[in-house]
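Protein chains: 4
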Amino acid sequence: MIVIAGVQTPEEHIHAIVEVIEKEGLQAHVSRGSDRTIIGLIGSVEPKLAEHLRQMKGVENVVKISKSYKLASRDFHPENTVISINGVNIGGGELVIMGGPCAVESATQIDEIAALVKAAGAQVLRGGAFKPRTGPYSFQGTGVEGLIMMAEAGKKHDLLTITEVMTPEYVDICAEYADILQVGTRNMQNFDLLRKLGTCGKPVLLKRGFSSTYDEFLNAAEYILAGGNPNVMLCERGIRTFETYTRNTLDLSAIPVLQQLSHLPVIADPSHGTGRRELVVPMTKASVAAGADGLIIEMHTDPDNSMTGDGVQSLFPDQFADLLKDLELLAPAVGKTFHAPSTIS
Amino acid sequence: MIVIAGVQTPEEHIHAIVEVIEKEGLQAHVSRGSDRTIIGLIGSVEPKLAEHLRQMKGVENVVKISKSYKLASRDFHPENTVISINGVNIGGGELVIMGGPCAVESATQIDEIAALVKAAGAQVLRGGAFKPRTGPYSFQGTGVEGLIMMAEAGKKHDLLTITEVMTPEYVDICAEYADILQVGTRNMQNFDLLRKLGTCGKPVLLKRGFSSTYDEFLNAAEYILAGGNPNVMLCERGIRTFETYTRNTLDLSAIPVLQQLSHLPVIADPSHGTGRRELVVPMTKASVAAGADGLIIEMHTDPDNSMTGDGVQSLFPDQFADLLKDLELLAPAVGKTFHAPSTIS
Amino acid sequence: MIVIAGVQTPEEHIHAIVEVIEKEGLQAHVSRGSDRTIIGLIGSVEPKLAEHLRQMKGVENVVKISKSYKLASRDFHPENTVISINGVNIGGGELVIMGGPCAVESATQIDEIAALVKAAGAQVLRGGAFKPRTGPYSFQGTGVEGLIMMAEAGKKHDLLTITEVMTPEYVDICAEYADILQVGTRNMQNFDLLRKLGTCGKPVLLKRGFSSTYDEFLNAAEYILAGGNPNVMLCERGIRTFETYTRNTLDLSAIPVLQQLSHLPVIADPSHGTGRRELVVPMTKASVAAGADGLIIEMHTDPDNSMTGDGVQSLFPDQFADLLKDLELLAPAVGKTFHAPSTIS
Amino acid sequence: MIVIAGVQTPEEHIHAIVEVIEKEGLQAHVSRGSDRTIIGLIGSVEPKLAEHLRQMKGVENVVKISKSYKLASRDFHPENTVISINGVNIGGGELVIMGGPCAVESATQIDEIAALVKAAGAQVLRGGAFKPRTGPYSFQGTGVEGLIMMAEAGKKHDLLTITEVMTPEYVDICAEYADILQVGTRNMQNFDLLRKLGTCGKPVLLKRGFSSTYDEFLNAAEYILAGGNPNVMLCERGIRTFETYTRNTLDLSAIPVLQQLSHLPVIADPSHGTGRRELVVPMTKASVAAGADGLIIEMHTDPDNSMTGDGVQSLFPDQFADLLKDLELLAPAVGKTFHAPSTIS
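Protein chains in written order, with UniProt numbering: chain C, 1 to 345; chain E, 1 to 345; chain D, 1 to 345; chain S, 1 to 345.
Next comes chain C alone, as it looks inside the complex (with noise of 0.2 Å):
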């Protein structure tokens, strides 16, 4: 249930609104938006409360919420999410991409990088030191190791830092080395990973489970935000379908709709969400297209070489580059911003 206040309605109305609700158990969350205030209720409502919350001063409307998730809808929090990291903001406007290697492999490798991820104009240098593998003969990451070299890159070359976290256990430290937490598509559901990641203190970028209904990703969102975390984004990275031509089919059409639904901001993988290097280029710009609030990419040196296999699906840096050049000609003709450092050729 939400009830709606003026935006001018007093301070002390508003507190007292959220005073009768916690004092019947429940929770209150204000969302203050530029023409109403939003104070959402968690928990069982009698009917008793809404009528009286109703006819409270400054109260203009009292609606029950039938979604099952209430902190990630946007009937609770009209006004979008901005999530601001050291100077970006993710979500309000400005297009954030996100580049990098599938896998931390060694300190050079993600110094190198790091060098060109930075040099395109990207904001975030993405890598995996931690990876989820189908069999367990496979390639498992650099585990803490990866998540230091990566730090080290990140700080040297100026960029945000997102890795994905597989495990409770390892939130703490993923928490400690990245700026970002990474769920993976596997674990959308992994119920005790997403309530310790409510409490870890960073913002988290939440992947689609890869046969995930919106309805489902936005309760897993809401897990994390019920823990206390309020910064989370929506990474739609591809949908299982009967086409095999492509790893996953993107379901672009979830953007707007995640847009609608929620106030997160909601970011495309077009590297997973295609597993072909030269359809990475063309559905980057469908996704800006579609509303992306950013990208995450692969980007490797030597994606022939690359540990995880999944060079197929990494643009080479020159790729990355023409593409965010590209980018900062399309961003605009679509209501968005980005700069490409004019150095790269």
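Derived from the structure by calculation, the hints contain no laboratory data. Heads up, some of the hints might be wrong.
Some residues of chain D that are not near chain C, with every Cβ distance over 10 Å (derived) [what the hints assert, rightly or not]:
#	residue
1	Arg32
2	Ala50
3	Lys57
4	Asn61
5	Lys64
6	Ala115
7	Pro132
8	Tyr137
9	Glu169
10	Arg240
11	Leu261
12	Met307
According to the in silico footprint, chain E covers these stretches of chain C (three or more CB under 8 Å from chain E) [said to hold, decoys possible]:
#	stretch
13	240-250
14	278-289
15	328-335
Since the model is a prediction, treat every value here as computed from it, not as a measurement. Every residue, glycine too, gets a C-beta built ideally from N, C-alpha and C.
We have chain C; now place chains E, D and S onto it with these hints.
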């Protein structure tokens, strides 16, 4: 199998090659490009013939094509196919917009909509006269009368027309009245219909079956091409997946994939691809950014009372006009041209 | 809407009810069961008519049916439909086996296979004369010649015959030569074909579209029933999913679901449903245990050289015979009857 | 790679082979069958080693295995794995039934249901203490208390117990109280959980991810086996498809496929596989006919008031007992044994 000849190979050498091929009872399809000429062979090729061709004058190479479709393949026909109809060039860099109602309901309705479609800058009027309906008790279209109404509206407003044909029996009459014949998603593998369209003399827009792979899609196009009709457009209109929030999942990767595998123009249908009016605008833009050669978009002056009940996916006229205005800005950012008349505000 | 009358309602009362309905320009379908009589109405019913019917003699209740299909619905026709053809009763408790090759290749081939099919205990000979093929350069069937060969083999070995018809134009000739006409999965929503089959005078086996819902499937059956042909069998033949190890995913839940929603017999096709010979035996048994009224199974004397290349899903003759022996044991354990002649070892 | 030795190869020769393998730093897994002994190698094998092994005493052949999973593969372990727990043998020809509520709700509830489960002839009591729920505000299970209640009910009624574990942290306590640990569909690729289960000392039932391929499923099992736990059961519980009438699509082909690719027992879950009580009975029978080694079925004494809201897929106690009676008849018709006590009527 294809024979590759240099671009400056004299006509008489090409002629000699074709003669050799046809003497063996095979078909030869000549495709002249800017940097080479391709002669495609259809039929079972003996190794001896391949060897003989390889040594003929002008032949640079003889290459085996393993794909099951031949004429639809870019290997056979490296240059883009551009379909020219009354000055509209589909597949040639100009963005082509097909707009109109789901069904032709009356002469007044289609005339009114045609005027709006034209004024907004679209080149083609869409409208169904024969409607494929899930159940037998639903409105099945206005039939031949509808065809005639649409032809008149198209003529009056200087628009090309496109309409769906559902059965071989009606191909001739549809070809008489419409400029482009459409094969619906449920009929993509109606092989007798495809065969008949191979000889109809009009361009065909072939919609992808809602659960058909790219390979099956191109093989369906091959049926039409093999019948002698080179003017086929491929239309991505959404595939069926587990996600039910959208009517279908618009698979935009299909656009660059099909353009890579084939030389035929690719059209996107964001109306059926999403089934929701509010998603048509962002997904149209995403389609253009992904490289679509054209779009087919439902627009209705009174969508809530459309006779097919599909109004929920139809744009209102002003939304349609605003969208085309936006495309004027977006198209050049991805290398396409499009002009929306400024008389629309 | 349906009108429910007691089983002992005199014929004249039923007659009067039908008269009232037809006077309003609606169709009335009378279905007499062991415990009640159902009169189904097709068309738009005024509330006044419903009220009038409710008060007529013999009427126990008047119930609104919200499903889009009517004649196919069990609400309209509570008793099982049993289709009787020359002493074979489909849908009546006897397990019906349809066996034979993917395609009729020659008179010798179909005669040889018919003898084996009969000896094993099957009641129906299957075989395609017109073959729907993904690409235009594949073997397209032996056509009318094949039809005639199969009719002769069926007659000689005292087997019913079933064959696929792909286009309205060929319905009459197929109906002349075969006992049952089959609609293939790609044509489930070829509405002109379905309409034509509504008046063909022969029983129809309608295969589920490989991505069609139960609701769409029953609406497709409704097209045939609405045309006046009450003898429709529904065939589950596998749906398209993300799993590619099997050619399709045989959805056996379809069997009890369809039997609950509809009164029509349900046949399973484990050959196309799995695409792998080694899975046909266990999935045939599973189909029987799920309640199938019959099975359609591919068998070939030389599967490795079948002209359609589908041999990989065809049983060898001895596997077919062994399977039918096993069914003789299994059928009674799930309330069905089946007899496999003991002369087969 | 596998080394194949004759069944009569003396122990000392086998021992010598293993020694050679382990000296190269590889793992050797010996699997003794009735007609041959297989020594499976895990790790990267040099051609020289293969050649050396081929010439050792007792070696009949050395074969390369291309599958990414090894220990789970039937190539490595040709005989069926039979998991014996307190006299119940899973995978050995006896049909094993696991029954009980979705969630353990109270000591009284689980005791009452355990009595009914036992009386009907089942061997294992199922019940969730930790529940994976789509949203954070739903009932999340009774936790450790629930574990203890179920352990007591199992002991009292002489039933094995199975319960789900969701996170590595809880593996030890679940292993203390339950006889079989279950991995839910959302956790099939929770690799840290799988690794922990590799050393838990208890048999594991691994549910197929709702959109996971057979290959991914067997690789997930490989994680547990590779950790040292040989007692893994595979559970088909329905996959996600376009059809929404059923909660999932129970993919019964998975049963013969998995039994062919692997030696591990296969269990079917018709409750989650269909999500509808009325389909559980036919689909249980179909699972048995397809060759399932066991079933896991939800049963509740008051399904309409179950705390998880999953009651709609739970059988009533008398349905459960009747079904097991029917299985007593069906099992021998497909080569399995099962006994339902006659005291149940």
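Structure-based check of all given hints:
1. Arg32: At about 44 Å from chain C, arginine 32 (chain D) clears the 10 Å cut-off, so the statement holds.
2. Ala50: Non-interface label on alanine 50 (chain D) holds, nearest chain C Cβ at 33 Å vs cutoff 10 Å.
3. Lys57: holds, 47 Å
4. Asn61: holds, 34 Å
5. Lys64: holds, 26 Å
6. Ala115: holds, 39 Å
7. Pro132: holds, 19 Å
8. Tyr137: holds, 21 Å
9. Glu169: The assertion about glutamate 169 (chain D) holds, with a minimum of 31 Å to chain C.
10. Arg240: violated, 5 Å
11. Leu261: holds, 25 Å
12. Met307: holds, 27 Å
13. 240-250: holds (count 8)
14. 278-289: holds (count 9)
15. 328-335: holds (count 4)
Of the numbered hints stated above, the single one contradicted by the structure is hint 10.
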